[in-house]
Structures are given as structure tokens and as C-alpha cells.
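Visitor: Those letters in the sequence shown? Residues 1 to 447, by UniProt numbering.
No lab work stands behind these hints: they were computed from the structure.
This structure is a prediction, so every number in the text was calculated from the model and none was measured.
Glycine included, every Cβ here is placed at the ideal spot set by N, Cα and C.
Be a bit skeptical, because a hint or two may be false.
Mimicking DSS-like on lysine-lysine, the simulated pairs with C-alpha atoms at most 25 Å apart in a straight line are [unchecked claim]: (1) 250 - 282; (2) 64 - 54; (3) 180 - 160; (4) 164 - 291; (5) 182 - 167; (6) 280 - 250; (7) 167 - 148; (8) 148 - 57; (9) 261 - 250; (10) 64 - 122; (11) 164 - 52; (12) 148 - 54.
Have a look at the derived ranges for each label pair, beta carbon to beta carbon [said to hold, decoys possible]: (13) 281 - 346: 52 to 62 Å; (14) 75 - 255: 45 to 55 Å; (15) 165 - 350: 28 to 38 Å.
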Amino acid sequence: MRKAALEAFLAERHGRFIFAYNNIHTNQVVYSLTRNLNNYRALDQITFVGKKSKPSKLRKDLWKPLLTVTFPTPYQGLIAFRQLQEYRRMHEFCWRTQRTLSSFDDQKNPRSARTKWLMDQKANSVADLAAVLLGFEKKERDRLSMVKYADGIDEAAEHKQKIKDAKAAIAAREAEKARKRKEARLARIAEMKSRKKKWPWSKQAEAEDEGRAEEEAVEVEEEEIEIPPEKEFVQEPGLKMRRAAKLLAKQKAAELTAEFKALKREHWGAKAERKKEIEKEKERVQAELDKLKSLWKEDKKVSVTLLPPARLEAFRDIWGELYKQIEPTMQIENVVMIEWANAEDIDLAPAWPQVNHTVMYGTAAEKKIARHTAPHPVALLQESAEANEEVAESEVEEDEQTGLTAQDDGKTTKESESNEGFLSGPFARVRGLFLSGGSNAGDRPQV
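Whole structure, please, built from the sequences with the hints as guidance.
Guide: Quick look at the structure:
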């Protein structure tokens, strides 16, 4: 059970942590998703740029931790891991400029100097990490603007519906008043004819009498109905947002087309009752397809004006749904933590987003012991301690249900003491940091 719980614990967090190691002689950098460097995966990241630039195997005494990055979700960590490797490849293959080449001409051995310069990727790696995080920050701003735009579409549609309802209520009230006036006038005429008055009324007196009767008969409660001002406050998106929405709309249209073809195939061999249902489904799918195709059949000019009312209904159902599902959250502000082996390396990047920085080793003793393996990330230590408590509580509940307690069986007590915490082995530091009162993760100073 403990092994399965440990595997599940690690699988859920695969990709959340990125470990960077650098060579103490050449400043080469490799990235890893695990604390322990894999010889083959690490060597695949090292590019041959000259003689003795790529070793046959890694020496643990030459590689030390550079930094550890903790992301809130595995999705963000895996995206960052891929981008960091791509940036490093760009540094190694796309550096050729006349100015760079001429800088090695004055040296005695320009080829060797160029090789050492290409191998030194420490500063580039730190700057790449800052660029990746800044890119995440920009993506999150764009995503929030898209969600805000989608919410604005719904808000504008509700505003338009309020105007429509208010006008309908006013029209209904006016129609009711006209109907009652007509009924009162007809009733007054009938009453005057039935009296058969002996003296003639003047036309003016008759009109005044009829008007008073109508006013008395028409008693419609006039509630104050306010019509909201005619305004459309949803702006059209920019070019990138339009392209993203059109791309997603085309993907959805492809799915609907496949569904439509499947319905046509099913229609041939279906019974009469089922054929009617299939026809309705085909009409629904075709209507959705027509709406989606209207997005990319419009003119390609990007307008910065407000959405016209005619297009508001079409965009409400399509763009709103697509924008809200365009991309998972990329929030990094105050939730990404970077642990540094050397806090001075922070200055290698020109700018950083608002993330948390801390040192990798809380004490000098920890720094001396952990030479070639990075310590456990702070977030992992905290989560593993919580997982330990949950597993311990579940085991206690199981023991209570089965009736096997420590008093009944001394063997069970010994086993539980020897296996305290399911995160044993590679997670043995958890007990030392959280259960034995040692130096915990909170003791690490913030940078």
C-alpha cells in the first residue's frame, strides 16, 4: 500500500519541479524533472561544440545543483521544461554573428576559446528561466483579457435583453390603455343612446362628458419602466485573439463535421423512429456548423469599433465558450518558487516577474552534505508531510474497523513504528524535517 501511495504521490506531481545542474568546470547546464540526474537523458541535452565538450558519462563530483523551480501545476512545469531546452539549443546553434566571430580572432587558440564560450551556459540558463516566467505572465494577462471579453459578451447580451423586455412592457401597457379607452367610449355611446335625451347636448359638452368617462374607466397602474441606454460595450478582439478563436472554431467545426457524417451513416440502416431523431440531430449539428463558419468567412480587417447588435448573438455562444476554454491558467504571481544554490545568480537575469526566491540550503551542514543532488523542494516537503498524516489517519481508521490495535498485537506496533510515514527511502528527510523537530523548510531564508 505504501509503495502504491508513493507512486501515486509522485505521479501527480511529475513536471511540477524542474532541477537545473551545472558543471563546476565548464558551467554547462542540464535540466531534469527528478532530483537524481539520469546519465542518458542528461547527455542528450549536451551538444557537441568542440573537442572534449561532451563527456562519455557524467561525473557526480563535477555536477552540482544550480536551482530548483516549483510550479503550481505540472502543465506549467512541462511547458517551461520544453521551452528551457529549446532556448538552450538556440544559444548553441544560432549564435553566429560577425561580431561574435571577430571576438575570438585576437586569442591564441580561437577554436578552444569559442568552445569554452559555447559550453558556458549558466548565465544564459538563468536569463532563459526569467524569460519563460515573463512569457507565462504575459500569457496569463492575455488569457484573463479573453475571459473578460467573453464575460463582456454575456453582459452585453443581458443588457440587450433588458432593453428588449422594457420596450415590450411599455408596448403592452400602451395597448392595454388603448383597449380600455375604446371599451369606455363604446359603453358611453351605448348609454347615451339608451337614455333618449329630450334636449340636445352641445358637441363640446358631449366631448367633455365622454372624455371624463374615459378617464374614469381607464385605470391602468403605470409602473415606471426604465429603458437602459442603447450601448454596446463589448469591443472586438485584436488580431491574435481573433486568430485563436477562429482556429478553435475550425477545430470544433471539424468535430461537428465528423459527427454529421456519422449521423448520415447511421441514418441508412436505422428504423423509422430512429430516423426522425437522427434528422433532428443533423439539423442541430448543421446549425452549429453554420454559426462556426460565419466566424472565418467575415472580412479579415480587424475592427476596433464596438460590436454591432446584429453580430452580438452569434459571438455570444461561440466566442464566449471558446475564449473560456482557450488555455489553462498560467498564473505564476506569488505561486512559483525558485530555490537557488547561490543567491547571487539572481542578478544574471535583467528582470524577474513577481515570484518567490529562496536559498536551496538552510544550513552550511546541508550544503556540505548535498553535493551533487539537490535537496527536496520546500513545497514537496510540505505536501509529503500532509500526505504522511493522511495515510497514518487512514491506517488508524482501518485498524479500528478490523479490530487490530497496537495493544492486541505487538507485532503490528513494531511494523508501524519501523515504517512511520509512507514516504520512506528517497523521502526520508521528511521525518527529519517535520516529525523529529529538525531544521524544517520554513527555516530557509527568503531572498
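Visitor: Determine for every hint whether it applies to the structure shown.
Guide: Status of the hints after comparison with the structure:
At roughly 18 Å between alpha-carbon atoms, residue 250 and residue 282 fall within 25 Å of each other, so this suggested pair holds. Between residue 64 and residue 54 the alpha-carbon distance is near 17 Å, which keeps this suggested pair within the 25 Å criterion. For the hint linking residue 180 to residue 160, the alpha-carbon distance of about 31 Å lies beyond 25 Å, and the restraint is violated. Between residue 164 and residue 291 the alpha-carbon distance is near 23 Å, which keeps this suggested pair within the 25 Å criterion.
Between the alpha carbons of residue 182 and residue 167 the distance comes to roughly 23 Å, so the proposed pair stays at or under 25 Å and holds. With a CA separation close to 23 Å, the supplied pair residue 280 and residue 250 stays within the 25 Å bound. Of the pairs offered as hints, the one joining residue 167 and residue 148 is violated, with about 29 Å between alpha carbons and a cut-off of 25 Å exceeded. For a cut-off of 25 Å, the pair hint linking residue 148 to residue 57 is broken: about 52 Å separates their Cα positions.
In summary, the hint linking residue 261 to residue 250 is supported, as the alpha carbons are separated by about 16 Å, within the 25 Å threshold. Under the criterion of a C-alpha separation no larger than 25 Å, the hint pairing residue 64 with residue 122 is consistent with the structure, at around 12 Å. Annotation: proposed proximity of residue 164 to residue 52 is violated, straight-line Cα distance about 77 Å (limit 25 Å). Proposed proximity of residue 148 and residue 54 is contradicted: the alpha carbons are some 50 Å apart, above 25 Å.
The hint said 52 to 62 Å for the Cβ distance between residue 281 and residue 346, and at roughly 59 Å that hint holds. Taking 45 to 55 Å as the suggested C-beta distance range, the pair residue 75 and residue 255 does not conform, at roughly 22 Å. In this structure the hint that residue 165 and residue 350 lie 28 to 38 Å apart at CB is violated, the actual value being about 55 Å.
In the structure shown, a violation is registered for the earlier hints numbered 3, 7, 8, 11, 12, 14 and 15, in ascending order.
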